[in-house]
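Participant: Here is how the chains run, residue by residue.
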Amino acid sequence: MNATRVSYTLDSSLESVNKAEETANDIATKSGFESEEVQRISMAVREAAVNAVLHGNSYDPRKKVHIAFETTPSALTITIRDEGKGLDTEEIPDPLAPENLLKQSGRGIFLIRAFMDEVRFRNMEPGTEITLIKKLSGDSRDGKEASQ
Amino acid sequence: MTMKASTRQVDGITIIDLSGRITLGEGSVVLRDTIRDSVGQGVKKILLNLGDVTYIDSSGIGELVSAYTTVRNQGGELKLLNLTKKVHDLLQITKLYTVFDVRDDEAGAIRSFK
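Respectively, the protein sequence lines represent chains A and B. Its first residue numbered 7, the first sequence is counted upward by one per residue in the numbering used here. Its first residue numbered 416, the second sequence is counted upward by one per residue in the numbering used here.
If we strip away everything but chain A, and leave its shape as in the complex, we get:
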């Protein structure tokens, strides 16, 4: 099976969030996803990168964000790891609950789950690793092959 993997180590900054989003956009496009799916993937990556920089590393310049993109003919897998104190996914409130609907924050992970096929969290002690998987549908693969 052909697999291509690229990885980056980024500072805990908003520039890193933008870089992660732009890279996701480029790689998802090259992988053959349709434009709407590309937007969803890059937004999920942006949200995960924001969580890593803001909530994980708290903008600490000594802490890094590690991001890897792996493409295979069947899926794009993105892994984002921070060096923060960890995340308890059980404690994330449901942003759709009536009492949370008008809260300013708390929608990032919900959107990631809505936009990706599979989302996994791993406590790295220290840090949190989130894995985002988007499967390439048969139609997308056919389209890519046809355009080559």
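By construction, these hints were calculated from the structure, which means they are not laboratory data. Relax, there's no trap hidden among the hints.
Covered stretches of chain B, as calculated for chain A (at least 3 residues, CB under 8 Å): (1) 461–474; (2) 479–493; (3) 506–515.
Once the Cα atoms are required to be at most 27 Å apart in a straight line, the calculated DSS-like pairs of lysine-lysine come out as: (4) K109(A) with K460(B); (5) K529(B) with K510(B); (6) K141(A) with K25(A); (7) K501(B) with K109(A); (8) K500(B) with K36(A); (9) K141(A) with K510(B); (10) K109(A) with K459(B).
Every residue, glycine too, gets a C-beta built ideally from N, C-alpha and C.
The hints should help you fit chain B onto chain A, whose structure is shown.
Facilitator: Okay, now just chain B, sitting in the frame of chain A:
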């Protein structure tokens, strides 16, 4: 692309035209400051024109919610105008589409304010 906000008055309604990206950082701050300035000047009726907003993330959505509650808490009304498909879809997914009064025609939106 950074976000820009410009404010105009039509028939007693303050229309804020937004363009660019409303994301964590500069975009969200511009929106927050613009709303804060308007509310600080006693403005009660605000129409946020999102027609030229190219991208919004969860922070931007949070800023829209914050704008809505800030204006409402001052006894005012804030409505949204000209959602792009992307923003529309995000508000649907997050169940906020039913919270906001969303309009797609400026003249009609202006008339809808009490």
